[in-house]
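Asker: Spelled out, the chains give:
2 protein chains.
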Amino acid sequence: MHVLISLIWLTLLTNIQSVPAWYKAQRDAILSTERRQSVGSTLKLTSDEEAVNKMIMAAKQGEIKSAIYDDSNYIPAVHFFQGRKRMEQSKVFKIIQQMPKGAALHLHYGFITSNAWLVKNVMYRPNCYMCVKEKVITLTGFYLTPPVDKDCTWIEISSERAKSTDIETFDQWLYNNLTLTVDNPEVVYPNINVIWRRFLQYFQTVGGLINHAPVLKDAFYESLKEFHEDGVQYLETRIGLMTPYELNGTTHDYTWTVKTFRDVVNEFKQDHQGFSGAKLIIGGRKRYNGSAILQEVKAAMSLVEQFPDVVLGYDLMDQEDVTHPLLYYVSELLYPEAHKSNLPYFFHAGETDWLHIHDNNLIDAILLNTTRIGHGFAIPKHPEVMRLIKERNIPIEVNPISNQVLKLVSDMRNHPAAILISQDFPVCISSDNPAPWEALPLSHDFYMAFMALAASDDDLRFLKQIALNSINFSRMTNKEKASALQLWETKWNVFIKRVLDSHNTFTEV
Amino acid sequence: MHVLISLIWLTLLTNIQSVPAWYKAQRDAILSTERRQSVGSTLKLTSDEEAVNKMIMAAKQGEIKSAIYDDSNYIPAVHFFQGRKRMEQSKVFKIIQQMPKGAALHLHYGFITSNAWLVKNVMYRPNCYMCVKEKVITLTGFYLTPPVDKDCTWIEISSERAKSTDIETFDQWLYNNLTLTVDNPEVVYPNINVIWRRFLQYFQTVGGLINHAPVLKDAFYESLKEFHEDGVQYLETRIGLMTPYELNGTTHDYTWTVKTFRDVVNEFKQDHQGFSGAKLIIGGRKRYNGSAILQEVKAAMSLVEQFPDVVLGYDLMDQEDVTHPLLYYVSELLYPEAHKSNLPYFFHAGETDWLHIHDNNLIDAILLNTTRIGHGFAIPKHPEVMRLIKERNIPIEVNPISNQVLKLVSDMRNHPAAILISQDFPVCISSDNPAPWEALPLSHDFYMAFMALAASDDDLRFLKQIALNSINFSRMTNKEKASALQLWETKWNVFIKRVLDSHNTFTEV
Numbered sequence: 019m020h021v022l023i024s025l026i027w028l029t030l031l032t033n034i035q036s037v038p039a040w041y042k043a044q045r046d047a048i049l050s051t052e053r054r055q056s057v058g059s060t061l062k063l064t065s066d067e068e069a070v071n072k073m074i075m076a077a078k079q080g081e082i083k084s085a086i087y088d089d090s091n092y093i094p095a096v097h098f099f100q101g102r103k104r105m106e107q108s109k110v111f112k113i114i115q116q117m118p119k120g121a122a123l124h125l126h127y128g129f130i131t132s133n134a135w136l137v138k139n140v141m142y143r144p145n146c147y148m149c150v151k152e153k154v155i156t157l158t159g160f161y162l163t164p165p166v167d168k169d170c171t172w173i174e175i176s177s178e179r180a181k182s183t184d185i186e187t188f189d190q191w192l193y194n195n196l197t198l199t200v201d202n203p204e205v206v207y208p209n210i211n212v213i214w215r216r217f218l219q220y221f222q223t224v225g226g227l228i229n230h231a232p233v234l235k236d237a238f239y240e241s242l243k244e245f246h247e248d249g250v251q252y253l254e255t256r257i258g259l260m261t262p263y264e265l266n267g268t269t270h271d272y273t274w275t276v277k278t279f280r281d282v283v284n285e286f287k288q289d290h291q292g293f294s295g296a297k298l299i300i301g302g303r304k305r306y307n308g309s310a311i312l313q314e315v316k317a318a319m320s321l322v323e324q325f326p327d328v329v330l331g332y333d334l335m336d337q338e339d340v341t342h343p344l345l346y347y348v349s350e351l352l353y354p355e356a357h358k359s360n361l362p363y364f365f366h367a368g369e370t371d372w373l374h375i376h377d378n379n380l381i382d383a384i385l386l387n388t389t390r391i392g393h394g395f396a397i398p399k400h401p402e403v404m405r406l407i408k409e410r411n412i413p414i415e416v417n418p419i420s421n422q423v424l425k426l427v428s429d430m431r432n433h434p435a436a437i438l439i440s441q442d443f444p445v446c447i448s449s450d451n452p453a454p455w456e457a458l459p460l461s462h463d464f465y466m467a468f469m470a471l472a473a474s475d476d477d478l479r480f481l482k483q484i485a486l487n488s489i490n491f492s493r494m495t496n497k498e499k500a501s502a503l504q505l506w507e508t509k510w511n512v513f514i515k516r517v518l519d520s521h522n523t524f525t526e527v
Numbered sequence: 019m020h021v022l023i024s025l026i027w028l029t030l031l032t033n034i035q036s037v038p039a040w041y042k043a044q045r046d047a048i049l050s051t052e053r054r055q056s057v058g059s060t061l062k063l064t065s066d067e068e069a070v071n072k073m074i075m076a077a078k079q080g081e082i083k084s085a086i087y088d089d090s091n092y093i094p095a096v097h098f099f100q101g102r103k104r105m106e107q108s109k110v111f112k113i114i115q116q117m118p119k120g121a122a123l124h125l126h127y128g129f130i131t132s133n134a135w136l137v138k139n140v141m142y143r144p145n146c147y148m149c150v151k152e153k154v155i156t157l158t159g160f161y162l163t164p165p166v167d168k169d170c171t172w173i174e175i176s177s178e179r180a181k182s183t184d185i186e187t188f189d190q191w192l193y194n195n196l197t198l199t200v201d202n203p204e205v206v207y208p209n210i211n212v213i214w215r216r217f218l219q220y221f222q223t224v225g226g227l228i229n230h231a232p233v234l235k236d237a238f239y240e241s242l243k244e245f246h247e248d249g250v251q252y253l254e255t256r257i258g259l260m261t262p263y264e265l266n267g268t269t270h271d272y273t274w275t276v277k278t279f280r281d282v283v284n285e286f287k288q289d290h291q292g293f294s295g296a297k298l299i300i301g302g303r304k305r306y307n308g309s310a311i312l313q314e315v316k317a318a319m320s321l322v323e324q325f326p327d328v329v330l331g332y333d334l335m336d337q338e339d340v341t342h343p344l345l346y347y348v349s350e351l352l353y354p355e356a357h358k359s360n361l362p363y364f365f366h367a368g369e370t371d372w373l374h375i376h377d378n379n380l381i382d383a384i385l386l387n388t389t390r391i392g393h394g395f396a397i398p399k400h401p402e403v404m405r406l407i408k409e410r411n412i413p414i415e416v417n418p419i420s421n422q423v424l425k426l427v428s429d430m431r432n433h434p435a436a437i438l439i440s441q442d443f444p445v446c447i448s449s450d451n452p453a454p455w456e457a458l459p460l461s462h463d464f465y466m467a468f469m470a471l472a473a474s475d476d477d478l479r480f481l482k483q484i485a486l487n488s489i490n491f492s493r494m495t496n497k498e499k500a501s502a503l504q505l506w507e508t509k510w511n512v513f514i515k516r517v518l519d520s521h522n523t524f525t526e527v
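Protein chains in written order, with the working numbering: chain S, 19 to 527; chain B, 19 to 527.
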């Protein structure tokens with residue numbers, strides 16, 4: 019077998035002597051026509067970048083080579099829950115982790131702050147309660163006097179911890195109540211509906227924590243910190259119209275939430291020079307009725323008007339297959355236009371395996387003038403949608419691990435974004451909801467994109483391009499964008515130098 | 019939940035009142051632009067066909083509807099081994115089974131004759147031996163005196179059966195040695211290499227049977243019979259350069275094999291009026307060295323010349339990821355052209371999940387002027403290959419179940435042929451190797467294509483078109499093709515009438 023492997027790689031990596039020149043010329047012409055169309059292919063690398071490129075490509079090809087005879091060895095071919103630890107040992111991953119990744123444009127607030135912080139910080143605060151039913155935490159919240167609930171028992175977490183003989187075990191139990199990670203996802207989550215139910219339950223569990231006004235503030239800050247540490251300099255996150263509560267039960271309105279977010283972002287930027295900022299997209303749910311959505315549209319219009327530097331627009335979210343299509347809300351979504359106003363949309367669309375059912379949301383997203391498309395998993399099956407996206411250059415927010423965990427695709431090499439990438443569609447990579455599945459803000463998703471959505475020979479230029487795309491496709495003002503690009507370039511040059519230095523140090527030793 | 023389901027289907031199936039006319043017009047324009055590009059969309063149905071269409075679409079939508087809240091209920095979303103029995107209960111399947119399906123163009127002789135026939139017919143013949151090692155049949159063959167083998171024990175099957183107290187259990191054990199079907203394929207076949215090893219072992223096990231000259235003759239006949247009974251009127255099968263043996267150990271040459279095949283086909287056609295015939299494509303293996311392939315190319319050229327009505331050309335087969343790329347054999351494959359001769363090729367290409375490794379075989383297949391492309395699973399990730407295939411109208415032989423069983427894709431809705439179908443690429447549906455995984459000649463694969471590769475609203479026109487495509491993309495002579503199309507049309511009209519009649523009878527009762 020090993021002789022055969024060597025032979026195959028030989029025939030791949032060397033010129034086969036007996037190929038006639040005319041044949042080789044024709045073949046190279048087709049190959050280069052394809053390569054020229056791929057994301058990142060037009061970038062020119064400096065000599066330092068070329069050196070880093072050689073390193074990362076040697077590591078990438080090594081991982082591929084070691085999986086040719088057993089693709090269950092290939093990290094993107096297996097479930098993230100089963101491959102994550104191996105991924106974190108990968109040299110490719112370690113380089114990607116250091117890389118300045120630009121912006122994360124598809125996120126959901128409430129699903130982006132690490133479970134570790136929720137457990138080790140928020141759940142250590144006084145007055146923090148959990149409601150437990152059959153050893154499962156179903157609700158949480160901060161109370162002076164906890165409510166009485168017939169379905170579950172409210173317990174103060176810190177008192178319970180104090181009673182515990184083994185604090186680490188107690189905290190691990192809290193953590194296990196949050197994380198979706200299991201060893202055998204194919205058994206625990208047999209279909210898309212089961213995993214979505216568990217996924218939405220995550221928000222039900224943590225919602226009471228992050229809706230608490232003081233926590234909300236800290237969670238905003240913590241999120242920015244975690245993203246910043248993972249090489250993300252800017253983010254745009256979807257957020258529901260939240261009305262955070264104080265310990266005495268009073269609540270704040272949306273405006274307070276937006277202002278608080280703005281203040282926290284400014285504070286974070288003052289504390290961290292290399293950060294460009296963060297903005298909000300208001301998000302409603304596709305199981306609401308039309309009049310509820312109309313109220314939200316109006317609220318979003320008002321927030322965009324009041325906070326044009328913070329609130330970007332509106333989106334509708336939910337498990338696409340089983341909730342209303344965008345078409346159901348067309349008259350509500352056309353309200354701003356009908357009133358000579360404007361509300362930018364950032365619609366989720368085509369986050370499904372079905373064809374010509376709710377994936378037709380892609381058509382409505384385009385007709386409703388969406389600024390970007392969230393997921394767009396079904397795009398390659400829609401030729402006219404593809405044409406329109408190219409023509410109008412509508413960015414697509416691809417979230418590889420989310421699509422795998424939420425059961426749209428198992429082997430990441432089959433992710434349809436590979437097709438979009440091969441045709442230089444305007445794609446950026448994001449992480450959707452990294453917290454419930456213990457992903458880093460962008461590193462794990464960038465690894466998947468590089469190793470499985472891009473071709474085996476797509477290289478550093480791909481990584482550089484998706485970072486650049488993320489900044490270019492953001493909704494920062496032109497001035498902010500120019501400054502973010504400049505900042506990114508500085509970071510990129512430091513990154514290239516650092517990788518080269520560490521390599522030189524390593525080879526010298 | 020059920021209220022929600024109803025709501026969703028309502029919003030799908032009815033016009034939403036509040037959608038403005040101008041919006042609806044724009045939306046319909048995009049939808050119809052997409053629909054017009056889909057395989058079969060230009061066909062016009064007669065009123066009888068429309069009636070059948072309503073029936074099959076009601077059944078199709080019923081299956082989709084019942085799976086919206088649990089897609090592990092959706093047969094194409096689960097592994098064929100786990101969904102087959104449910105599939106056979108499906109009304110859609112039952113209609114497809116009756117349908118005249120035209121031609122099967124991608125098959126491998128040795129993998130197309132049902133295991134039931136091998137066990138209940140061939141393994142009942144005298145002098146039929148199996149070599150058993152640790153209760154597994156590793157080899158078979160017909161012998162006057164069985165060979166002595168240090169690795170396994172040769173036993174005459176009929177003597178062993180005679181000793182058995184329970185013949186059905188014995189025959190079931192034989193059967194289990196052949197079939198790849200298991201209840202838990204994800205455990206038994208954890209990766210592509212494991213399933214391929216088991217798959218190739220199938221041929222090792224049955225090879226000794228079907229290489230026996232009298233069996234070969236009968237197996238040819240039996241294959242035609244099984245395909246005919248499944249509504250297939252013509253087939254083209256790959257076949258190795260076989261040298262069948264007689265009981266006394268003497269062997270025949272390739273010419274004998276081709277002549278025998280031709281005679282059997284003629285005999286079968288005399289016995290069965292509604293059958294158009296069968297032809298051969300010689301197939302070598304991509305683990306041979308160049309000089310072996312050159313010998314085969316020459317042999318194939320000679321067979322095409324001697325038997326232009328039977329032998330169509332040449333192909334190279336194997337597990338694509340781990341064997342030589344076509345490029346390795348370019349000079350051998352250019353031999354006919356270099357000698358002012360012609361050998362039509364029918365290359366397997368792009369039967370892989372990897373990208374820009376052996377899937378580049380697609381480029382070589384095109385440069386070597388392939389008549390059709392086998393599988394082409396990787397085509398949508400190759401934009402220039404897509405363009406050239408469209409331009410040259412190169413038919414693609416899609417084998418859905420094979421790709422699932424051999425672990426390229428798990429949920430059939432993610433099969434990339436869906437993209438080709440949405441853009442009216444010249445596709446036909448075949449079954450590759452139905453016997454080892456207990457598929458019918460075409461019915462199961464047609465079901466998968468209709469329910470998962472085609473869109474939820476692709477209808478009878480899709481089925482009709484893929485049947486027509488299969489005849490049009492065959493390599494029958496023009497005259498044979500015209501007569502096959504006429505025959506198919508007669509069968510199609512009978513089918514339409516029969517489905518209508520059975521429905522009327524059913525509703526009257």
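Rather than coming from a laboratory, the hints here were simulated on the basis of the structure.
A few of these clues could be false.
The list makes no distinction among identical chains, and a pair is therefore deemed to hold if it is satisfied within one copy or across any two copies.
Claimed, not checked - Once the Cα atoms are required to be at most 30 Å apart in a straight line, the calculated DSS-like pairs of lysine-lysine come out as:
#  : residue 1 : residue 2
1  : K168      : K109
2  : K515      : K181
3  : K109      : K151
4  : K42       : K153
5  : K138      : K287
6  : K62       : K103
7  : K112      : K153
8  : K497      : K509
9  : K358      : K235
10 : K168      : K151
11 : K72       : K181
12 : K168      : K287
13 : K316      : K42
14 : K151      : K42
15 : K42       : K358
16 : K316      : K168
17 : K103      : K358
18 : K109      : K358
19 : K42       : K103
20 : K287      : K153
Asker: Could you tell me which of the numbered hints above are not met by this structure, giving the numbers in increasing order?
Answerer: Hint check: 1, 2, 3, 4, 6, 7, 9, 11, 12, 14, 16, 17, 18, 19 and 20 fail, others pass.
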